[in-house]
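Participant: Use the sequences and the hints to build the structure in full.
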Amino acid sequence: MGEGESGHRKRAIGEYRTAGEVEGETPLSTEVTTEHITQLGADELVINMGPQHPSTHGVLRVKLKLDGERVIGSECVIGYLHRGVEKIGENRTYQQFAPYVDRMDYVAAVSNGLGYCEAIEKLLVVEAPPRARVIRTILTELQRIASHLLWLGTHALDIGALTPLFYCFREREEILKIFEKYCGARLTTHAFRIGGLQYEAYDTLEKDVERFCKDFTSRIVEYEDLLTQNRIWLGRTKGVGILSAADAIAYGVTGPVLRASGVKWDIRKAMPYAAYDQYKFEIPTGTAGDTYDRYMVRMEEMRQSRLICLQAIENIPTGPILAKVGKVLKPPAGEVYHAIEAPKGELGYYVVSDGTVQPYRVRIRPPSFVNLEAFDRMVRGHLVADVVAIIGTLDIVLGEIDR
Amino acid sequence: MADEPKEPQPPPVPPGDKPASTALPSAPAAKAPDAKAPAAPARPAPPPPKPPVSLQTPLNNELVARLRCKFDAAIVEAIEDRKQAIVTVARERLGEIALYLRDEEKFDMLSDLTAVDWPRREKRFDVVLNLYSFAKNERLRVKAHAADGEKVPSMTGVWPTANWLEREVFDMFGIIFEGHPNLTRILLPEEWQGYPLRKDYDILHQDTAWVKENLGIESGQ
Numbered sequence: 001m002g003e004g005e006s007g008h009r010k011r012a013i014g015e016y017r018t019a020g021e022v023e024g025e026t027p028l029s030t031e032v033t034t035e036h037i038t039q040l041g042a043d044e045l046v047i048n049m050g051p052q053h054p055s056t057h058g059v060l061r062v063k064l065k066l067d068g069e070r071v072i073g074s075e076c077v078i079g080y081l082h083r084g085v086e087k088i089g090e091n092r093t094y095q096q097f098a099p100y101v102d103r104m105d106y107v108a109a110v111s112n113g114l115g116y117c118e119a120i121e122k123l124l125v126v127e128a129p130p131r132a133r134v135i136r137t138i139l140t141e142l143q144r145i146a147s148h149l150l151w152l153g154t155h156a157l158d159i160g161a162l163t164p165l166f167y168c169f170r171e172r173e174e175i176l177k178i179f180e181k182y183c184g185a186r187l188t189t190h191a192f193r194i195g196g197l198q199y200e201a202y203d204t205l206e207k208d209v210e211r212f213c214k215d216f217t218s219r220i221v222e223y224e225d226l227l228t229q230n231r232i233w234l235g236r237t238k239g240v241g242i243l244s245a246a247d248a249i250a251y252g253v254t255g256p257v258l259r260a261s262g263v264k265w266d267i268r269k270a271m272p273y274a275a276y277d278q279y280k281f282e283i284p285t286g287t288a289g290d291t292y293d294r295y296m297v298r299m300e301e302m303r304q305s306r307l308i309c310l311q312a313i314e315n316i317p318t319g320p321i322l323a324k325v326g327k328v329l330k331p332p333a334g335e336v337y338h339a340i341e342a343p344k345g346e347l348g349y350y351v352v353s354d355g356t357v358q359p360y361r362v363r364i365r366p367p368s369f370v371n372l373e374a375f376d377r378m379v380r381g382h383l384v385a386d387v388v389a390i391i392g393t394l395d396i397v398l399g400e401i402d403r
Numbered sequence: 001m002a003d004e005p006k007e008p009q010p011p012p013v014p015p016g017d018k019p020a021s022t023a024l025p026s027a028p029a030a031k032a033p034d035a036k037a038p039a040a041p042a043r044p045a046p047p048p049p050k051p052p053v054s055l056q057t058p059l060n061n062e063l064v065a066r067l068r069c070k071f072d073a074a075i076v077e078a079i080e081d082r083k084q085a086i087v088t089v090a091r092e093r094l095g096e097i098a099l100y101l102r103d104e105e106k107f108d109m110l111s112d113l114t115a116v117d118w119p120r121r122e123k124r125f126d127v128v129l130n131l132y133s134f135a136k137n138e139r140l141r142v143k144a145h146a147a148d149g150e151k152v153p154s155m156t157g158v159w160p161t162a163n164w165l166e167r168e169v170f171d172m173f174g175i176i177f178e179g180h181p182n183l184t185r186i187l188l189p190e191e192w193q194g195y196p197l198r199k200d201y202d203i204l205h206q207d208t209a210w211v212k213e214n215l216g217i218e219s220g221q
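Here the protein sequences come in this chain order: A and B. Note that my numbering gives residue 402 to position 402 of the first sequence, counting from 1, and the numbers run on in steps of one. Note that my numbering gives residue 123 to position 123 of the second sequence, counting from 1, and the numbers run on in steps of one.
No lab work stands behind these hints: they were computed from the structure. A quick note: this is a predicted structure, and the numbers were derived from the prediction, not measured. Even glycine gets a Cβ: it sits at the ideal position worked out from N, Cα and C. Nothing false has been slipped in among the hints.
In silico BS3-like links for lysine-lysine, alpha-carbon gap of 27 Å or less:
1) Lys199/B with Lys122/A
2) Lys87/A with Lys330/A
3) Lys122/A with Lys327/A
4) Lys151/B with Lys123/B
5) Lys106/B with Lys70/B
6) Lys207/A with Lys280/A
7) Lys151/B with Lys87/A
8) Lys214/A with Lys269/A
9) Lys324/A with Lys83/B
10) Lys83/B with Lys264/A
11) Lys330/A with Lys83/B
12) Lys214/A with Lys177/A
13) Lys87/A with Lys123/B
14) Lys122/A with Lys83/B
15) Lys122/A with Lys280/A
16) Lys280/A with Lys136/B
17) Lys269/A with Lys136/B
18) Lys330/A with Lys199/B
19) Lys269/A with Lys83/B
20) Lys136/B with Lys122/A
21) Lys106/B with Lys269/A
22) Lys123/B with Lys199/B
23) Lys87/A with Lys199/B
24) Lys122/A with Lys324/A
25) Lys83/B with Lys136/B
26) Lys136/B with Lys264/A
Chain A stretches covered by chain B per the calculated footprint, using a threshold of three residues with CB under 8 Å from any CB of chain B:
27) 81 to 87
28) 121 to 127
29) 321 to 334
30) 347 to 361
Some chain B residues judged to face chain A by a derived CB distance under 10 Å, without partners named:
31) Asp126
32) Asn137
33) Arg139
Facilitator: And the structure:
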């Protein structure tokens with residue numbers, strides 16, 4: 001790492017020259033690391049995409065090695081949004097750290113909070129009361145729909161369909177309104193507490209959710225009318241970014257990306273948490289593992305989430321909303337790994353306690369980070385224009401990747 | 001939880017020592033004569049600290065038996081913590097044990113790979129692998145101890161997903177993974193000095209030289 005004189009900014013200018021191109025200078029020795037980037041043929045070219053690019057969904061930088069229009073290699077450069085969340089976790093109490101997790105996947109803050117609270121509950125060996133678990137499930141499923149809507153809108157926008165964005169934001173707004181009514185915040189909600197909920201459900205929560213679910217059926221049809229049979233959409237997504245089931249598992253890919261490759265695995269079914277064991281829902285899967293299948297899987301997931309919400313509001317148990325956990329949390333020494341099915345995939349928390357009020361270590365296993373690792377595999381052989389489609393289909397959030 | 005005054009939760013006290021509260025006349029709660037909370041200042045000595053609860057028990061299931069049979073002394077310890085299986089293995093043989101777990105025991109997905117720093121221990125690092133088996137729907141945590149500077153076999157050949165995860169561990173802890181194709185920093189800048197998630201790296205600490213040179217400011221705080 002110690003590079004001495006060649007600073008960070010200096011390298012940014014000369015970094016795409018191959019090693020040895022300028023005599024006496026080896027700027028690529030530590031910078032460009034993967035083999036396929038360093039060895040350039042006569043017709044080959046390396047271009048830079050991002051970090052300031054509208055289609056990278058944040059500050060992602062991708063180095064693409066091209067042969068004409070075709071991508072023959074890529075390398076993702078991440079870390080621009082690194083805030084040291086895991087280090088912060090070691091210096092806060094268990095409760096103090098809870099709002100921080102909302103700022104990782106900031107378009108699905110409720111899911112992050114659920115994963116963290118449940119992990120600490122496991123560490124404390126307590127369980128949230130049934131009422132809290134059902135309300136958690138409702139809000140988390142609404143969050144899944146909201147996250148998928150944001151994905152759909154921006155993904156379609158990347159590919160060139162402007163209209164779905166406005167439609168998606170219209171429905172997402174309804175969900176954010178429910179969050180706002182429930183806990184006062186729309187984006188980084190901090191909706192849950194360790195041991196259950198801080199707030200009782202407001203009076204018309206069931207009605208609001210029901211109304212949203214009722215409207216949402218026809219709204220999904222609207223999106224599908226715009227995209228599913230659209231010639232341009234088909235052309236831009238079918239056969240793009242194929243990931244086989246074996247590759248998906250080897251790369252540790254989870255969530256809709258894994259399911260679109262044909263692996264029927266969802267943590268909500270495999271290892272149920274919250275109140276998911278009480279509800280009936282399907283796990284949609286794809287067959288081809290391409291961008292179109294991932295689109296179809298997520299569309300179906302929104303429908304299933306809607307069904308879960310409808311089942312949940314029908315019978316919300318009464319009773320307390322917070323387990324007795326005390327104000328000072330000192331989990332017995334030990335460790336726990338708890339994973340939930342976040343909208344983007346397996347969101348895992350590995351928390352180590354040394355018996356004090358602060359976690360000894362909080363490790364967050366972000367789904368986007370691991371999913372993005374498969375990007376290079378998916379992008380090879382495609383055109384430059386498909387790169388944005390593949391970034392979009394992975395549904396990444398850089399706040400979670402860089403933490 | 002502050003809104004529930006009707007049943008004050010006393011600090012966990014062994015049931016034996018409650019005489020002080022009954023003698024106290026000021027205790028107003030009629031239905032709870034043994035409310036201990038207001039009596040706390042009158043108590044001569046605080047209750048003896050509870051012995052630390054240990055939720056870790058030795059684990060002896062079939063999987064551990066098979067592992068012990070095959071790898072013998074390389075399986076250092078097998079425990080269960082809150083119903084989660086944890087197997088500690090010898091660092092040198094982590095590679096072959098990982099291959100065995102993937103191929104024979106069907107732990108085909110590496111969910112997570114990370115590390116924990118215990119600076120006071122002789123071998124300060126725990127490298128932690130969280131494995132998942134689709135066939136068994138089961139998780140397994142594999143740990144290996146490593147001292148500072150000791151190389152840990154890379155898992156990239158077993159689970160390709162380990163590539164970035166190991167880079168992150170290298171970035172944050174400075175653990176070297178032997179056989180990794182491209183072990184460079186991933187989240188921090190290439191030239192950054194120091195490993196932030198080590199326990200001796202203070203939360204306010206930073207590579208001031210780097211910050212000064214690249215950001216043109218004295219401090220990032």
